[in-house]
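> Chain by chain, the residues:
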Amino acid sequence: MSDVTMRVWRGDANGGQFEDYTVTQQEGEVVLDVIHRIQATDAPDLACRWNCKAGKCGSCAAEINGKPRLMCMTRMDQLPEGPVTITPMKTFPIIRDLVTDVSFNYAQAEKVPALLPPPMPADGYRMFQQDVERGQEFRKCIECFMCQDVCHVIRDHEDNKQYYAGPRFFIRYAELEMHPLDTNDRRDLIREEMGLGYCNITKCCTEVCPEHIKITDNAIIPLKERVVDAQYDPVAWLGRKIRRKTKRSAEEAAVQPAP
Amino acid sequence: MTAVGSSTKVVLGGTRGGPDVATLRQDRWWVQPVVTVSILTAFVIYSTWAAFQNKNYYVGFDRDLISPFYSPCLATSCEAGASNSGFLIHTPGWFSPALLILIFPLGFRLTCYYYRRSYYRAFWWSPPACAVSDAHASYSGETKFPLIMQNLHRYFFYAGLVFNVLLTYDAIRAFRQPGLGFGVTVGTLVLVTNATLLWLYSLSCHACRHLCGGQVRSFAQHPWRHKFWKFVTPLNAKHMNFAWASLVFVALTDVYIRLVASGAITDYKLF
Ligand code: SF4
Ligand code: SF4
Ligand code: FES
Ligand code: FES
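Each protein sequence line maps, in turn, to chains A and B. According to our numbering, the first sequence is numbered sequentially starting from 5. According to our numbering, the second sequence is numbered sequentially starting from 1246.
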């Protein structure tokens, strides 16, 4: 098979540059295989993260020809002719070469108010299949953080990281808000502190998700509509005033400890 | 509101890796924005022109066809027969009746989640395509005026439903051929297709999906709303297709009726 140039970004917080490595392609290889071969031959100090090589751990996320992708799931023979550029995820601080510091995401994860079920009824909690299925899609997330990486809200505007949970956590909020046994109401929190309004539904998160989660259609837009219910819909507001409000306020929800 | 306690703080300003360029993509990411800009610009130019024409929007002789841009015709300046509601707003003769109503379909489409995605990308370049830099230095998304008004989408959805009912009525009226009885012409099929596409566009709307059932926490406790939700969810997945199809077709409908009304073509009777 033919030779291919792998243009890999090498560097750390002090700066870096592209290095070209010419390798012979082998049948059926994925980008991660080639990176491993470069490590074995030309550059033993090339840093990259990986674990499962099966698209399930989310560690090997990087940008291939400018787009966030899992290195272990990107076949070499499906890339266009010419040099293949491999860069670290752009949105997170660099540690070294292809390895970034994704702790922004852990900080956001800690902020998610946990599920708060009502007191256990005498015959135990019950959940029906249709409600179990609803959140199933969101539980497929492998935390590769490529959706966070591609999201222009923080990719192109570092400052927004203070106010923005990001698509990966919007699906977590959506899952909780659609949970039949949850009594927390996170709608004000999502609007005021998690920055749902910053998302302009341009759907790049959905485009890159390796688990094909319909992040925008099934999580973000339903959350935006819930915020409209809570904040911008006078009919719903009146309805709530008339019926007794049983949901907890965002303030109460916000102080619930994470698990 | 109480801030959430979290031990891991968000640290800003870390050095990023990779080259500092707008994008490393080499594929033709600009094709999609170019197509969007072309179609939407063409539509805006045509519909503005059509809305100001104030003629050739109604065929009343042997046919009963009205352009969707002019229905419901609510002005006293409407052509004879075009309006069949008793309610008329007093307007001078030069005033185009389209201007009274177009704000509703326009607002519906402007605040539509799908069109928002498209014009934020294609016109505002925020971002022009995935992993291509935002063209603006600062960004507040839909958190401030005027874009916070996008949250009014569901009201335009309600208004859209009223329009769908009226345009369906127009489509039924199109089977009538005054003086000849009933029949089907190309014009009838055009109006029926137009109304059908508009219904599909509305029923597949994200606000519709939410109001049908997406809103509830427990489907098990709301079996009917679950049924509605299951009905509109597959339509919702095709919202983009319905958005484009109904947009293009509504313009073509106006073109067709304009051609018939001006006498350029005759509306062919099928049976
Ligand atoms: S749809 Fe929203 S969350 Fe997803 S990438 Fe775009 S702006 Fe970010
Ligand atoms: S939602 Fe998809 S893209 Fe985002 S972290 Fe999870 S698996 Fe990755
Ligand atoms: S190595 Fe686990 S997802 Fe690629
Ligand atoms: S019409 Fe497009 S989302 Fe409502």
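Accuracy of the hints is not assured; some may be wrong.
Stated by the list, open to error - Simulated restraints, written as ranges between beta carbons of each label pair:
| hint | chain 1 | residue 1 | chain 2 | residue 2 | range |
| --- | --- | --- | --- | --- | --- |
| 1 | A | Cys-56 | B | Trp-1275 | 33 to 43 Å |
| 2 | B | Asn-1329 | A | Tyr-129 | 29 to 39 Å |
| 3 | A | Val-136 | B | Ala-1382 | 40 to 50 Å |
| 4 | A | Glu-137 | B | Met-1394 | 46 to 56 Å |
| 5 | B | Met-1394 | A | Gln-43 | 44 to 54 Å |
| 6 | B | Leu-1397 | A | Asp-49 | 49 to 59 Å |
| 7 | A | Tyr-129 | B | Phe-1288 | 48 to 58 Å |
| 8 | B | Asn-1329 | A | Arg-130 | 53 to 63 Å |
| 9 | A | Arg-247 | B | Lys-1475 | 45 to 55 Å |
| 10 | A | Asp-127 | B | Arg-1418 | 12 to 22 Å |
| 11 | B | Lys-1475 | A | Arg-130 | 16 to 26 Å |
Said to hold, decoys possible - Calculated pairs, DSSO-like style, for lysine-lysine (alpha carbon to alpha carbon, straight line, at most 27 Å):
| hint | chain 1 | residue 1 | chain 2 | residue 2 |
| --- | --- | --- | --- | --- |
| 12 | A | Lys-218 | B | Lys-1300 |
| 13 | A | Lys-144 | A | Lys-57 |
| 14 | A | Lys-218 | A | Lys-57 |
| 15 | A | Lys-144 | A | Lys-115 |
| 16 | A | Lys-115 | B | Lys-1254 |
| 17 | A | Lys-218 | B | Lys-1472 |
| 18 | B | Lys-1300 | A | Lys-144 |
| 19 | A | Lys-144 | A | Lys-218 |
| 20 | A | Lys-115 | A | Lys-218 |
| 21 | B | Lys-1300 | B | Lys-1514 |
| 22 | B | Lys-1389 | A | Lys-144 |
| 23 | B | Lys-1483 | B | Lys-1472 |
| 24 | A | Lys-115 | A | Lys-60 |
| 25 | A | Lys-60 | A | Lys-245 |
| 26 | A | Lys-144 | B | Lys-1475 |
| 27 | A | Lys-218 | B | Lys-1483 |
| 28 | A | Lys-144 | A | Lys-60 |
| 29 | A | Lys-115 | B | Lys-1472 |
FYI, nobody ran anything at the bench for these hints, they're computed from the structure. None of these values were measured; they are calculated from a predicted model. Here a beta-carbon is modelled for each residue, glycine too, at the ideal position from N, C-alpha and C.
> All hints are to be evaluated individually against the structure, with a verdict given for each.
Hint check:
For the pair Cys-56/A and Trp-1275/B, the supplied restraint of 33 to 43 Å holds, since their beta-carbon distance comes to about 35 Å. Between Asn-1329/B and Tyr-129/A the Cβ separation comes to about 58 Å, which falls outside the hinted range of 29 to 39 Å. Look at Val-136/A against Ala-1382/B: about 45 Å separates their beta carbons, and that is inside 40 to 50 Å. Hint check: Glu-137/A to Met-1394/B, Cβ distance near 35 Å, so the stated range 46 to 56 Å is violated.
Separated by about 53 Å at the C-beta atoms, Met-1394/B and Gln-43/A satisfy the suggested range of 44 to 54 Å. The hint said 49 to 59 Å for the Cβ distance between Leu-1397/B and Asp-49/A, and at roughly 56 Å that hint holds. Checked against the given bound of 48 to 58 Å, the beta carbons of Tyr-129/A and Phe-1288/B, roughly 52 Å apart, stay inside it. Between Asn-1329/B and Arg-130/A the C-beta distance comes to about 55 Å, which sits within the given range of 53 to 63 Å.
At about 26 Å, the CB distance of Arg-247/A to Lys-1475/B disagrees with the hint of 45 to 55 Å. Taken as a hint, the range 12 to 22 Å is violated for the pair Asp-127/A and Arg-1418/B, whose Cβ atoms sit roughly 59 Å apart. A hinted range of 16 to 26 Å for the beta carbons of Lys-1475/B and Arg-130/A is consistent with their spacing of about 21 Å. This hinted pair does not check out: Lys-218/A and Lys-1300/B have alpha carbons roughly 46 Å apart, beyond 27 Å.
A hinted pair counts as satisfied when its Cα atoms are at most 27 Å apart, and Lys-144/A with Lys-57/A qualifies at roughly 17 Å. Taking the CA atoms of Lys-218/A and Lys-57/A, the gap is about 24 Å. The hint holds against a cut of 27 Å. Distance check on the hinted pair: Lys-144/A and Lys-115/A sit about 21 Å apart at the alpha-carbon level, within 27 Å; holds. A distance of roughly 10 Å separates the Cα atoms of Lys-115/A and Lys-1254/B; the hinted pair therefore holds under the 27 Å criterion.
Note on Lys-218/A and Lys-1472/B: the hinted pairing holds, with a Cα-Cα distance of about 21 Å set against a maximum of 27 Å. About 57 Å separates the Cα atoms of Lys-1300/B and Lys-144/A, which puts this hinted pair outside 27 Å; it is violated. Proposed proximity of Lys-144/A and Lys-218/A is supported: the alpha carbons are some 11 Å apart, at most 27 Å. The straight-line distance between the Cα atoms of Lys-115/A and Lys-218/A is roughly 23 Å, inside the 27 Å bound, and the hint therefore holds.
Restraint check for Lys-1300/B and Lys-1514/B: the C-alpha separation of about 23 Å stays at or below 27 Å, so the hint holds. About 33 Å separates the Cα atoms of Lys-1389/B and Lys-144/A, which puts this hinted pair outside 27 Å; it is violated. Distance restraint check for Lys-1483/B and Lys-1472/B: the Cα-Cα separation of roughly 18 Å lies within the 27 Å cut-off, and the hinted pair is therefore satisfied. Taken as a hint, the Lys-115/A and Lys-60/A pair is honoured in the structure, with Cα atoms around 25 Å apart against an allowance of 27 Å.
Distance hint between Lys-60/A and Lys-245/A is unfulfilled; the C-alpha atoms sit about 46 Å from each other, more than 27 Å. As the CA atoms of Lys-144/A and Lys-1475/B are separated by approximately 21 Å, the hinted pair is consistent with the 27 Å bound. For a cut-off of 27 Å, the pair hint linking Lys-218/A to Lys-1483/B stands: about 13 Å separates their Cα positions. In summary, the hint linking Lys-144/A to Lys-60/A is supported, as the alpha carbons are separated by about 9 Å, within the 27 Å threshold.
With a C-alpha separation of about 34 Å, the suggested pairing of Lys-115/A with Lys-1472/B is violated against the 27 Å cut-off.
The structure shown violates the earlier hints numbered 2, 4, 9, 10, 12, 18, 22, 25 and 29.
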